[in-house]
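Chains A and B, in that order, give the protein sequences.
The first sequence finishes on residue 326 if you use our numbering, and the numbering steps up by one all the way, no holes.
The second sequence finishes on residue 326 if you use our numbering, and the numbering steps up by one all the way, no holes.
Warning: the hint list may mix true and false statements.
As the list claims (entries may be wrong) - Simulated DEER-style distance windows between Cβ atoms:
no., chain 1, residue 1, chain 2, residue 2, range
1, B, Gly-32, A, Asp-30, 50 to 60 Å
2, A, Asp-30, B, Glu-315, 35 to 45 Å
3, B, Glu-324, A, Glu-271, 18 to 28 Å
What the hints assert, rightly or not - Per the computed footprint, the stretches of chain A lying under chain B, defined by three or more beta-carbons under 8 Å from a beta-carbon of chain B, are:
no., stretch
4, 47-58
5, 67-77
6, 88-99
7, 155-166
Hints in this document: simulated from the structure, not taken from any laboratory.
Using N, Cα and C, we set each Cβ at its ideal position, and we do this for glycine too.
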Amino acid sequence: MKEITYSKAINEALLQSMEKDERVILLGEDIGVYGGIFQVTAGLLDRFGPERVMDMPISESGFVGAAVGAALTGMRPVVELMFIDFCTVCMDMIVNQMAKMHYMFGGRGRVPMVLRVPSGAGRGAAAQHSQSLHAFFAHIPGIYIACPSNAYDAKGLMMEAIRNDNPVVFAEHKLLYNEKVPVPSDPYTLPFGRAEIKREGKDITIVATQAMVMRSLNAAEIVEKDGIEVEIIDPRTIKPLDRETIFESVRKTGRLIVADEGHKTCGVAAEISAMIVEDEMFSLKAPVRRVCSPDTPVPYSPTLEKAYVPGTKDLIPAIKELMEYR
Amino acid sequence: MKIGKEKLIDFYWKMLKIRLFEERIADLYARGLVPGLAHLYIGQEAVAVGVCAALREDDYITSNHRGHGHVIAKGADVKPMMAELFGKKTGYCKGKGGSMHIADIDIGILGANGIAGGGLPIAVGAGLSCKLRGTDQVSVSFFGDGSSNNGTFHESLNLAAVQNLPVIFVCENNLYGISFSQKKHQKISDISIRATSYGIKGVTLDGNNVLEVYDAAYKAIRKARKKEGPTLLECKTYRWRGHHEGDPNQGTRYRSKEEIMKWKEKDPIAKFVDKLIGDNIISENELENMKVMIDNEIDQAVNFANESEFPADGELYENVYVMEGK
Numbered sequence: 001m002k003e004i005t006y007s008k009a010i011n012e013a014l015l016q017s018m019e020k021d022e023r024v025i026l027l028g029e030d031i032g033v034y035g036g037i038f039q040v041t042a043g044l045l046d047r048f049g050p051e052r053v054m055d056m057p058i059s060e061s062g063f064v065g066a067a068v069g070a071a072l073t074g075m076r077p078v079v080e081l082m083f084i085d086f087c088t089v090c091m092d093m094i095v096n097q098m099a100k101m102h103y104m105f106g107g108r109g110r111v112p113m114v115l116r117v118p119s120g121a122g123r124g125a126a127a128q129h130s131q132s133l134h135a136f137f138a139h140i141p142g143i144y145i146a147c148p149s150n151a152y153d154a155k156g157l158m159m160e161a162i163r164n165d166n167p168v169v170f171a172e173h174k175l176l177y178n179e180k181v182p183v184p185s186d187p188y189t190l191p192f193g194r195a196e197i198k199r200e201g202k203d204i205t206i207v208a209t210q211a212m213v214m215r216s217l218n219a220a221e222i223v224e225k226d227g228i229e230v231e232i233i234d235p236r237t238i239k240p241l242d243r244e245t246i247f248e249s250v251r252k253t254g255r256l257i258v259a260d261e262g263h264k265t266c267g268v269a270a271e272i273s274a275m276i277v278e279d280e281m282f283s284l285k286a287p288v289r290r291v292c293s294p295d296t297p298v299p300y301s302p303t304l305e306k307a308y309v310p311g312t313k314d315l316i317p318a319i320k321e322l323m324e325y326r
Numbered sequence: 001m002k003i004g005k006e007k008l009i010d011f012y013w014k015m016l017k018i019r020l021f022e023e024r025i026a027d028l029y030a031r032g033l034v035p036g037l038a039h040l041y042i043g044q045e046a047v048a049v050g051v052c053a054a055l056r057e058d059d060y061i062t063s064n065h066r067g068h069g070h071v072i073a074k075g076a077d078v079k080p081m082m083a084e085l086f087g088k089k090t091g092y093c094k095g096k097g098g099s100m101h102i103a104d105i106d107i108g109i110l111g112a113n114g115i116a117g118g119g120l121p122i123a124v125g126a127g128l129s130c131k132l133r134g135t136d137q138v139s140v141s142f143f144g145d146g147s148s149n150n151g152t153f154h155e156s157l158n159l160a161a162v163q164n165l166p167v168i169f170v171c172e173n174n175l176y177g178i179s180f181s182q183k184k185h186q187k188i189s190d191i192s193i194r195a196t197s198y199g200i201k202g203v204t205l206d207g208n209n210v211l212e213v214y215d216a217a218y219k220a221i222r223k224a225r226k227k228e229g230p231t232l233l234e235c236k237t238y239r240w241r242g243h244h245e246g247d248p249n250q251g252t253r254y255r256s257k258e259e260i261m262k263w264k265e266k267d268p269i270a271k272f273v274d275k276l277i278g279d280n281i282i283s284e285n286e287l288e289n290m291k292v293m294i295d296n297e298i299d300q301a302v303n304f305a306n307e308s309e310f311p312a313d314g315e316l317y318e319n320v321y322v323m324e325g326k
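Here chain B stands alone, though its shape is the one from the complex (with noise of 0.2 Å):
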């Protein structure tokens, strides 16, 4: 597939500006000046930007408790993400869901989650209003490979089989559900193998190739838009973090320095930067420039959610129910 210069660049926009934002709320959290839980996507980027640069605007995309890639992918603003984090007003949900719950229903987030495997159905659904309202918007569930043995990935992909609808299942396999290896927790390598059995097609990609997962995102949204139903991609790639802030030494406890050395070595976004130069697509003075643009835009996000308010103790009870006529 050819694809031009001006997404090429923005592919790697994408990608640095999760891992100098994850990065920064690594530095936030060590320094206690976060609270709350955070689950980082360091080392998964390729897939978040890989399958959004695919998406329109107004497609859905469904998330997990690892989601700040995501929502960045799909166009979320740095600024009430952080302030989001910091529990302020400002915040995407005014504080009052924090890291696992972002949401901008306007540009198609239908929410991290914090339950895993909690976002298929719900990606499901969008699929079917998609259908029902006559549309050609598509829906993405992203989940990890523990998700995948929860009766929810089941049943989500058949229920979108059956129904024939618009939707895109895409495992990100770390190779962990936490502590739990993907070797102990199933039979299988290979999680799209189990597309067969709901009749629909599975493919296994390389998670750490944005072109590859853009690739096949594209033509997996693209057979969708022509409702003619979801497919399962499996994208294999690794978390460089622990499970979440705090998980002792990166998650030593259940995986080697090795293999995370190992994994370090097929960062996502130098190799992509090794084809962009090596392609003389883009100047290495230029990826200079973004980043240092990227970091403005994070140290702004950062002052913004500093100076901002928290939600006042009356805004417990606001929001619990629609008040209808506002």
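Okay, chain A solo, but in the shape it has when bound (with noise of 0.2 Å):
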């Protein structure tokens, strides 16, 4: 099998619905010629010319909401939000239409639509290209959300994203983009609502999303020489999340660790903390850690955001703090 980059992966995803699915339409800023500001649509315009690859104004509610209004009647979007910090001027597109349509008109219309939405901090690119706010999509009912760690995850979960017929928000992370790892290069899906375990251990369960998982690894790694043994969950899909895997984990372990790199207020880390206090509280020996980006906006001076950005410097004292609890 050979090792391609998690933006290989996705543009081979995309590549390949659309070979198969001729309803896959991309839309999006700068996604043609100039083959997305993170090159993940490279080649896909030579392959299937500007009427299924289209550049788009700037005018995200425009043409995330022309993404439903084709989603509803017959194709299959696939939208590039250049970053996900711009889901803030299209919101209502998000919130009130994709996401509501099927239940607002008691089942009738679907809208099969992916959003792509490139996320996370540590590029030097300051408060409004950096966020990770993949917690908001997840208040509302009606939108799954996928969050893959690797290549290998970011194709399967792409390609089912796009067969799926409900909306996905697809929270690529832009430091992972460059990494690699095997990849089929045949088609293939991953269900949604199915965790996997990235590392098995018996001492501390950390369920880490998307580039906290690589961190969460290294910490393993590190934390191994001293006889600690963790376990690494990865939900891989927010909504729909696989509580069970995280429950048995806990109940094994006994100790919990979220790692998120959403705000720690009110996000996805805080979510499963809750989860498990309140149906598998008994199982702890510990209390529940967060290790998430702090109350702040995302700084841009390159020491301040690694100290932003949340990484081993932080899941290590939380895992030796929690391993003080017998």
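Mind assembling these two chains? They're in different frames, but the hints should get you there.
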């Protein structure tokens, strides 16, 4: 199996989905000749032409809304929002239109579309191009949210997102775009709502999303030298969420860290922590810890940004602290 | 343009049906027999009927919060409409949408919409889908003067123009966005001039003259079917009642009784009746018979709605997502 990057894997998923189903179309800013700001759609314009790979004017409400209308009438649009931060200018189309139509219309009409939202800090892009806002969407019924942490998952989840009859927010992480793992060249889908245990361990569970998976794997290797065995669970989709795999791991380890790059307050980590407190509290030997971005905007200066981005510097002390509880 | 007798009678039938439906709703609301919120269309009937009479069943419309007229004109059945307003499970949306979300995708109604300006991008997307599927269908968006200040109006006209989409933008300029008069909310009096900014044709019409609306809509639709791009039609009209049922004294907080009376003298239905009788198209007796028939149909719709059941509590959780395989 060939190793390819996360961005190439998404590109391959788009290409293979478009080959298989002519209803699949791409809309976004600079996704054609330019290949997308992160080169995820590179080559697709040449392969499928401007009718299916459409550069959009800078009008996110206009083209996200157009994707909703196209999806309602038989197409399967995949929209690239250049940065997840730009969702705020088209939130009505996402929250009040895309997410709710199927319900508001009593099951009449479907909105099978994918909204690709590159997210995450660490590239010196400051406060309006670095956020991890996927929790916004998790608050809204009617949307599925996929958050791939590696190239293999990215391809399979993207092919499933396009095939799925529901609207999907696909939260890619910018720091993962150049990371490689072996990926099958044939098309495949990964089911939503199925977590993967990225590393097995008996002492402590880390539920990690997107780039936090890679960072947790690094932390796990470091603390292994101290004899601590970390189990890492990647939910892969925030909605639907594979609660059972998380519960099972917590029953085994009795210790839980939730690692997510969104802000700490009211984020995905808060939700998963609350879920454990509600339904699995008596399996815990220690308090739950959240390793998230702080409740500040993303700063520009490299030193400040390094302090901002959650990583091993935050994970290792949290692991050690929880291991104090017996 | 020469219009056949049957079509003229259909114009009358549809306008009267909308009028009588709305009058019945006003009465039911006043007596507390319908829950929720309703925005009535009385006074504007010629716009919906003139435009929809030029459409085919497989063409699309998006409507707004004041949507009863649009959906009746597009062919919606008053029985499930009434049931929906009553919140019953036999309603168009199984009681989940209400007055502002009536949809019937099978006859091209992509939903009324509770967000001012929300329907425009969706209509653009439906137009995009017509173009990509290679059909000669068209898409119409109904919206008000207030929405012409929303970003979605500008984004949608521009996007439809640059993509050369078969979309007809129908602005019903009833001179008020709730209480905010057009004189105060924009510096222009003819909204149609905004089409110039997007390189498309804009036309201002007497929205109370069904023949004028039909003629202009027919031409714009024919142009769109020939893949010659979008048109903006501005129909000057007036809502007789308040913004919603319950707006005190039919909106006399922000407009004078004299102004309301002046517009009532321009009643689109009475004006058209004079023409039908004057041209010997139909007799007063026949007109009266039609009224009886429509009243009867609305009686049946009210009975149907009354006798229908409310949805079971468990239905709250249905249709949030498309359950695949069903």
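Evaluation of the provided hints:
no., hint, in the structure
1, Gly-32/B to Asp-30/A: 50 to 60 Å, "holds, 55 Å"
2, Asp-30/A to Glu-315/B: 35 to 45 Å, "holds, 44 Å"
3, Glu-324/B to Glu-271/A: 18 to 28 Å, "holds, 25 Å"
4, 47-58, "holds (count 5)"
5, 67-77, "holds (count 10)"
6, 88-99, "holds (count 4)"
7, 155-166, "holds (count 3)"
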